[in-house]
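Engineer: Can you join these two chains into the complex? Each is in its own frame, and there are hints to help.
Residues per chain are reported as follows:
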Amino acid sequence: MSDESEEIREKAKKGLVYLLMQRHSQPGAKGWELKRILGKNYMKLIPLIESKAEELGMTLKIVTEEEGELEGLGDENLDRARFVLVSKYPLLDREAGGWLRMEEAASLAIVLAAIHAKGNAESKDDALEIIKEKLPAWRAEQIISKLIRLGYLEEDSGYLQTGWRSKIEIDMNQLLTAILTKRTNTG
Amino acid sequence: MRRSSKEEELRDRIAALPEEIRKQGADPFAVDVSSILSELRKDYQKLKGEEMVKDAVAVNSVSKIVYMQDKWLSDRLRGFGFGPEKIRERLIAMDVQVLASCLYESQHLPVAIRHISTERLKGAADYWVSLTGWGRGSKLGPLKDLGEEGLESLELGIDDIEQELKRVREELGARLSSSPVPYEEYLKAKQGKDRIRLAYIISVLCSSGEITIRFDPSIARYIILKGDGLPDSSVAIAV
Numbered sequence: 000m001s002d003e004s005e006e007i008r009e010k011a012k013k014g015l016v017y018l019l020m021q022r023h024s025q026p027g028a029k030g031w032e033l034k035r036i037l038g039k040n041y042m043k044l045i046p047l048i049e050s051k052a053e054e055l056g057m058t059l060k061i062v063t064e065e066e067g068e069l070e071g072l073g074d075e076n077l078d079r080a081r082f083v084l085v086s087k088y089p090l091l092d093r094e095a096g097g098w099l100r101m102e103e104a105a106s107l108a109i110v111l112a113a114i115h116a117k118g119n120a121e122s123k124d125d126a127l128e129i130i131k132e133k134l135p136a137w138r139a140e141q142i143i144s145k146l147i148r149l150g151y152l153e154e155d156s157g158y159l160q161t162g163w164r165s166k167i168e169i170d171m172n173q174l175l176t177a178i179l180t181k182r183t184n185t186g
Numbered sequence: 000m001r002r003s004s005k006e007e008e009l010r011d012r013i014a015a016l017p018e019e020i021r022k023q024g025a026d027p028f029a030v031d032v033s034s035i036l037s038e039l040r041k042d043y044q045k046l047k048g049e050e051m052v053k054d055a056v057a058v059n060s061v062s063k064i065v066y067m068q069d070k071w072l073s074d075r076l077r078g079f080g081f082g083p084e085k086i087r088e089r090l091i092a093m094d095v096q097v098l099a100s101c102l103y104e105s106q107h108l109p110v111a112i113r114h115i116s117t118e119r120l121k122g123a124a125d126y127w128v129s130l131t132g133w134g135r136g137s138k139l140g141p142l143k144d145l146g147e148e149g150l151e152s153l154e155l156g157i158d159d160i161e162q163e164l165k166r167v168r169e170e171l172g173a174r175l176s177s178s179p180v181p182y183e184e185y186l187k188a189k190q191g192k193d194r195i196r197l198a199y200i201i202s203v204l205c206s207s208g209e210i211t212i213r214f215d216p217s218i219a220r221y222i223i224l225k226g227d228g229l230p231d232s233s234v235a236i237a238v
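In order, the protein sequences belong to chains Z and D. Note that numbering that gives the first Met the number 0 gives residue 71 to position 72 of the first sequence, counting from 1, and the numbers run on in steps of one. Note that numbering that gives the first Met the number 0 gives residue 187 to position 188 of the second sequence, counting from 1, and the numbers run on in steps of one.
Source of the hints: derived by calculation from the structure; they are not laboratory data. Be a bit skeptical, because a hint or two may be false.
Said to hold, decoys possible - Residues from chain D that face chain Z, not an exhaustive set, calculated with beta carbons under 10 Å:
1) Ser60
2) Ile91
3) Val95
4) Val97
5) Ala99
6) His107
7) Val110
Claimed, not checked - Quick list of the computed label-pair ranges, beta carbon to beta carbon:
8) Ile218/D <-> Thr180/Z: 49 to 59 Å
9) Asp125/Z <-> Glu8/D: 33 to 43 Å
10) Tyr126/D <-> Ile147/Z: 46 to 56 Å
11) Tyr126/D <-> Thr180/Z: 44 to 54 Å
Claimed, not checked - Listed below are the simulated PhoX-like cross-link pairs for lysine-lysine, each with C-alpha atoms no more than 20 Å apart in a straight line:
12) Lys51/Z <-> Lys41/D
13) Lys85/D <-> Lys131/Z
14) Lys63/D <-> Lys51/Z
15) Lys133/Z <-> Lys85/D
16) Lys5/D <-> Lys123/Z
17) Lys5/D <-> Lys181/Z
18) Lys87/Z <-> Lys70/D
19) Lys166/Z <-> Lys70/D
20) Lys60/Z <-> Lys70/D
21) Lys60/Z <-> Lys10/Z
22) Lys166/Z <-> Lys133/Z
23) Lys87/Z <-> Lys63/D
24) Lys70/D <-> Lys117/Z
25) Lys39/Z <-> Lys29/Z
26) Lys43/Z <-> Lys189/D
27) Lys63/D <-> Lys117/Z
28) Lys43/Z <-> Lys63/D
29) Lys70/D <-> Lys12/Z
30) Lys63/D <-> Lys166/Z
31) Lys51/Z <-> Lys5/D
32) Lys87/Z <-> Lys117/Z
33) Lys12/Z <-> Lys34/Z
34) Lys165/D <-> Lys60/Z
35) Lys13/Z <-> Lys47/D
36) Lys70/D <-> Lys5/D
37) Lys10/Z <-> Lys189/D
38) Lys181/Z <-> Lys85/D
39) Lys70/D <-> Lys51/Z
Here the structure is a predicted model, which means the values were calculated and not measured. For every residue, glycine included, the Cβ atom is placed at its ideal position computed from N, Cα and C.
So that you can see chain D by itself, here it is in the shape it has in the complex (with noise of 0.2 Å):
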């Protein structure tokens, strides 16, 4: 069995003072983090294997006990009286906007790369090939200028919007529970006016995540698919 270094225990005595510290309900403030570091660094680079884990841990366990002396501070302002009434007389009496303010001081968000696949360049490929018959098709020109009557209002209250929500939420919910929805098939049976405003319905449901249409390049239509929740980026559909 390998022997433990002098390195390796002072990490594991680190590592246990979290939970020292809680099994005991010690005061967190009784650790002096500062110097622990400084201990922690002094033969940083001359660890190996195990050694480099431990020392992991026991610099996770100081970020706990930090934790620990934040929470603590934040726990004895609570303790002055804030009650569930309190709290809630506090909310009401506040603006939004310092609301606001306070949930984007305390999110951290989270950090992510995106990147585009072999997969998803080949399905894109596919895609600008059918979209313009690999350099032969007819090329999207400007939007034709529909005059006055493009301009016409379609008088939609928010009373309108909320029930024509509602119906095509309902309506949609239905039908791709079982399959994807041919957008193009959807907008037919409306015509003008009313055909505008089921476009922008469905329009507001992809800009909040419900639903969400792509292009499926195997038949060459758009199709309406559900969402994921997350807002969909826009795109020129002609309707």
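The shape of chain Z in the complex, shown without the other chains (with noise of 0.2 Å):
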């Protein structure tokens, strides 16, 4: 095998074990931390590292502040992108762990699926009142605040929108397609 290849297979798996390596109290990192390892490339590196994480049974998800392509988007907003590893197949065993307790992940799959619905955003007080025709007043309160304050949603004047930790973490098609197929109480 060349140096050339070489090289680039070992920048590929420091840039995989740096993204590993939980340093911040949110995971990953962003693009202007993997520029400082990898050099300034390394938007080129990342189809490898992504080849690496698929074969460990991972995805690398790009989340960036600004919507649409990343193939679009300038050096300035890919360094304040966040790069996550997140495992390719869902957790579905909740004893191995997970944030949300079963209310808290009820209300997020409510709150998304009437944000999507919407188009990119949903009223707070729409939301509530779905989410009050399952919970007491007072609990849906706290269920949102908190989401808000995981990442999982954010808050904009009076409005709700998909948080960067949501836009990571849950596989909206996935999402919706559950929602529309399970058997509801009125079948």
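Structural biologist: Structure below.
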């Protein structure tokens, strides 16, 4: 194997290890951190890191502050983007961990589905109204505050939007398909 | 200028596929993912340098096509008359348990390894020294038996907790914006049942991640700090 290939492989491994090691309270690393350890062409190594992560049952998620395709983003936005490794498989065994309790997970499912149905934002009052059908009012408000604090939701002028953590952790297609296909009380 | 090899050209063509499908609005199922992958695997071992990067880009493009196929199916499914009102009706009709399972099935948790840095280990050692007096200090004994008085009801109703939480949250929020607050100093204004009640309220705020409590070895005291949104793990602190 040539020195060049070896160097590229080593850099990709270094990037993977850097992404695996949790240094902050939030998982993953920012683009500028990867640039610092992998060099200014770090984005060229991302596909290689992705394929190495894939072999280990992980997927690399890249969340930017801007919506849209990664290819069109400038260096500055990529530097601020968050790179996080997530499990390729959903965590069905709740004993294995996870931050959210059952009623919190249900509330998040409600709000994310409502946000998606309306476009990209849902009025906080309307979302609370649906949750209050199932939980006491004080608990509904407490859960929404917690979901905002944990980064699953963002609040802007009384409207809820998808937060960075949901963009990383939740596969919206899977969520909506599950909501639309599961049996309900009314059939 | 370096000439592209046959292998590189194949990978360039595969890399461009998702963008072509997107631009032309083509059916992603028209792409035979399985045969592309077998083609890519044929010469994988012989790849060098730039070819290897192009191979990873091509594999990544195949995964984008699979994602497009999945999304195409989901969009068709949702196209069968499921507008915002219909989705709202379904959400209301579903049990909390079923909704939670929908979320869990679509949740892919971050993978991370927590490690202890040398700096953190040194901090822990300093803390241990200050806590025990390096083998000479008093040991942590069992909790004193408080008898019946220790079991006296705190008489905390849900409304009381909510009001108390709101008051302490606001008060600490204002104080913590300028500097940390020593835990003992914050509690000292209260005595007896009120003191235990305040300690309980602080623990609730810690468990929700709004605030956190750390031992500061430099002053040998616990201090209250702003939380980072993640729940704290529990430690016993004498009040």
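Engineer: Straight-line Cα separation of lysine 166/Z and lysine 133/Z no greater than 20 Å?
Structural biologist: 25 Å, violated
Engineer: Assess, step by step, whether the Cα of lysine 43/Z is no farther than 20 Å from the Cα of lysine 63/D, and give holds or violated.
Structural biologist: Roughly 17 Å separates the two Cα atoms, so the pair holds.
Engineer: Taken at face value, is the distance from the CA of lysine 60/Z to the CA of lysine 165/D at most 20 Å?
Structural biologist: Roughly 37 Å between the alpha carbons, so the hint for lysine 165/D and lysine 60/Z is violated.
Engineer: Does lysine 131/Z lie within 20 Å of lysine 85/D when you go C-alpha to C-alpha?
Structural biologist: Holds, at roughly 18 Å.
Engineer: Holds or violated: lysine 60/Z and lysine 10/Z, Cα atoms, limit 20 Å.
Structural biologist: 19 Å, holds
Engineer: Does lysine 51/Z pair with lysine 5/D here, judged by a C-alpha cut-off of 20 Å?
Structural biologist: 24 Å, violated
Engineer: For the pair we were handed, lysine 70/D and lysine 5/D, check the Cα-Cα distance against 20 Å.
Structural biologist: 32 Å, violated
Engineer: Next item in the hint list is serine 60/D. Is there a CB on chain Z closer than 10 Å to its CB?
Structural biologist: 9 Å, holds
Engineer: What's the verdict on lysine 10/Z and lysine 189/D, does the C-alpha distance respect the 20 Å limit or exceed it?
Structural biologist: Given that 20 Å is the threshold and the Cα spacing comes to 57 Å, the pair is violated.
Engineer: Given the proposed pairing of lysine 87/Z with lysine 70/D, does the C-alpha separation stay at or below 20 Å?
Structural biologist: 17 Å, holds
Engineer: Are the Cα atoms of lysine 87/Z and lysine 63/D separated by 20 Å or less?
Structural biologist: Holds: lysine 87/Z and lysine 63/D sit about 14 Å apart, inside 20 Å.
Engineer: Is the Cα-Cα distance between lysine 5/D and lysine 181/Z 20 Å or less?
Structural biologist: Since the Cα atoms of lysine 5/D and lysine 181/Z sit roughly 48 Å apart, the hinted pair is violated (cutoff 20 Å).
Hint compliance for this structure: hints 9, 10, 16, 17, 22, 26, 27, 29, 31, 32, 34, 36, 37 and 39 are broken, all remaining hints hold.
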